[in-house]
Amino acid sequence: MSISVQNISKSFKDKTALKNISFEVKEGELFGLIGPDGAGKTTIFRILTTLLIADKGTATVAGFNVVEDYKNIRNHVGYMPGKFSLYQDLTVEENLTFFATIFGTTIEKNYDLIKDIYIQIEPFKKRRAGKLSGGMKQKLALCCALIHKPKVLFLDEPTTGVDPVSRKEFWEMLKRLQQKGITMLVSTPYMDEAALCDRIALIQDGRILQIDTPQEIIKHYPKNIYDVKADNMFKLIEFLNEYEYKYSVYPFGEFVHYTDKREDFNPKELYHFLEEMGAVNISIQPTKTTIEDTFMELAK
Amino acid sequence: MKGESVIKVENLTKTFGDFTAVNAITFEVKAGEIFGFLGANGAGKTTAMKMLIGISTPTSGSAQVAGFDVFTNPENIKKNIGYMSQKFALYDDLTVKENITFFGGIYGLSRSKIKEKRSELVAELGLGDIINELVGSLPLGWKQKLSFSVALLHSPKIVFLDEPTGGVDPITRRQFWEMIYKTANNGTTVFVTTHYMDEAEYCDRVSIMVDGKIEALDTPKKLKKQFKAESMNDVFLKLARSPIDN
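Keeping their order, the protein sequence lines are chains A and B. Once you know that position 159 of the first sequence is 159 in the numbering used here, the rest is easy, because the numbers rise by one and skip nothing. Position in the second sequence (from 1) plus 300 gives the number in the numbering used here.
In short, the hints are calculated from the structure, not lab data. Every residue gets a Cβ at the ideal spot worked out from N, C-alpha and C, and that includes glycine. Each hint should be verified, as a subset may be incorrect.
[Said to hold, decoys possible] For the chain A half of the interface with chain B, some residues (derived, Cβ under 8 Å), not all of them:
# : residue
1 : S166
2 : W171
3 : E172
4 : M296
Start from the sequences, fold in the hints, and give me the full structure.
Structure below.
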């Protein structure tokens with residue numbers, strides 16, 4: 001196991017951040033912590049990177065205990081915090097050299113690991129980090145976290161507030177790093193990114209709701225979901241919420257995801273109900289479950 | 301969408317030194333419309349929005365917001381719009397009740413009006429139990445819903461929302477959008493930015509900014525047709541490929 005977390009709890013004053021959390025990440029795995037702000041994701045990262053001590057439970061990273069062997073862990077992990085934490089007044093090149101030196105290595109020695117990412121920011125290597133755009137800052141931070149060739153890479157919300165194009169590219173970079181044998185623990189509030197991980201833990205309010213592969217998590221969803229559509233979205237949601245047999249009603253892009261309380265649900269009945277309520281251009285089609293559906297069901 | 305235009309923008313431009321952040325954008329937004337303002341990071345969305353809410357003077361072009369000119373009358377714009385910033389801007393050290401009262405006062409509402417509005421909000425958002433809690437102790441989802449409501453306290457004609465749902469859990473995100481629908485249904489125009497492409501589908505019309513220019517503007521349905529895309533996410537990926545910041 002590359003990361004092993006057992007029965008970890010952590011409170012801050014009277015606020016419980018983590019309640020008895022356990023999970024394991026295999027070597028070379030890309031493992032996702034999926035959950036909204038305040039779920040406890042950052043606290044997990046801080047405990048595993050030895051910056052915070054848990055109240056209860058134990059954890060190991062790359063074979064080292066997070067409390068007793070914290071110094072060894074620091075040499076073997078890379079950490080990209082959610083908040084940009086490089087030196088704003090140093091240039092791109094200076095930041096990278098600084099991190100390499102701290103870890104007793106050089107840029108040249110591990111260049112192959114960061115090459116793909118670094119060549120994209122190399123044209124700006126004389127620019128101060130504080131003057132970079134969001135996307136470039138993120139790439140530099142990733143390079144700095146990788147420069148000592150860590151065994152395990154921790155990425156805390158690397159794509160929050162990042163537009164869909166840059167998010168897609170960032171995940172492609174992570175996939176390439178995975179092929180180089182680096183174990184990764186990554187957190188995200190974007191449910192669509194869950195599908196890109198090998199396994200995920202859905203987390204909310206300091207508790208793990210479920211751990212499995214994205215495919216298995218979707219399979220365990222208990223209901224059949226229907227895409228419902230009509231001309232006025234606002235009215236459609238109102239009508240569906242008034243329907244006596246509704247189980248859940250959630251807008252999903254251009255459709256509303258609808259599930260019914262009954263085992264023998266007949267879409268035609270719903271169609272007639274909506275028609276009577278005055279909905280226009282109604283369509284009701286079975287659809288695939290997503291991670292987001294599952295998350296909402298578990299978090300209810 | 302019927303009704304008059306409440307936002308009219310023509311060739312609006314903002315430059316910083318030799319950098320053109322917003323490059324001659326032109327569009328109109330109608331009363332009661334939900335208008336999605338999309339773009340990659342650094343495309344110029346925030347700069348454009350700052351000009352529209354009257355806190356940044358454009359370099360050239362023209363814009364009227366809620367009937368007032370951004371050059372000559374920015375103070376009146378501020379009085380007639382609501383704005384919810386990307387960054388949480390209520391007072392963490394004040395209670396829910398105190399925040400509502402404070403912002404009501406700032407917007408110039410009378411004591412009786414503030415009281416009336418406060419009761420309305422408490423009922424609508426179910427704030428009864430937390431009215432005397434410090435805002436700082438609330439979960440993010442609550443904070444965002446409260447911020448939105450505070451931005452609507454003075455019944456503005458238009459409300460500007462800058463990434464209101466970033467990092468919010470999926471259930472609260474949807475409750476937030478139900479609030480947006482309700483607001484628009486009551487006739488208030490909603491101008492919203494987001495990085496969630498499923499939310500782009502909820503808008504009546506969507507504009508996509510790339511490198512300071514509006515490269516596409518239409519209903520989500522027509523944009524998908526125009527770009528032969530399955531979803532707004534595909535439309536965005538096809539368009540927003542920025543050559544500078546990658």
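Here is how each hint holds up against the structure:
no., hint, verdict
1, S166, "6 Å, holds"
2, W171, "13 Å, violated"
3, E172, "12 Å, violated"
4, M296, "5 Å, holds"
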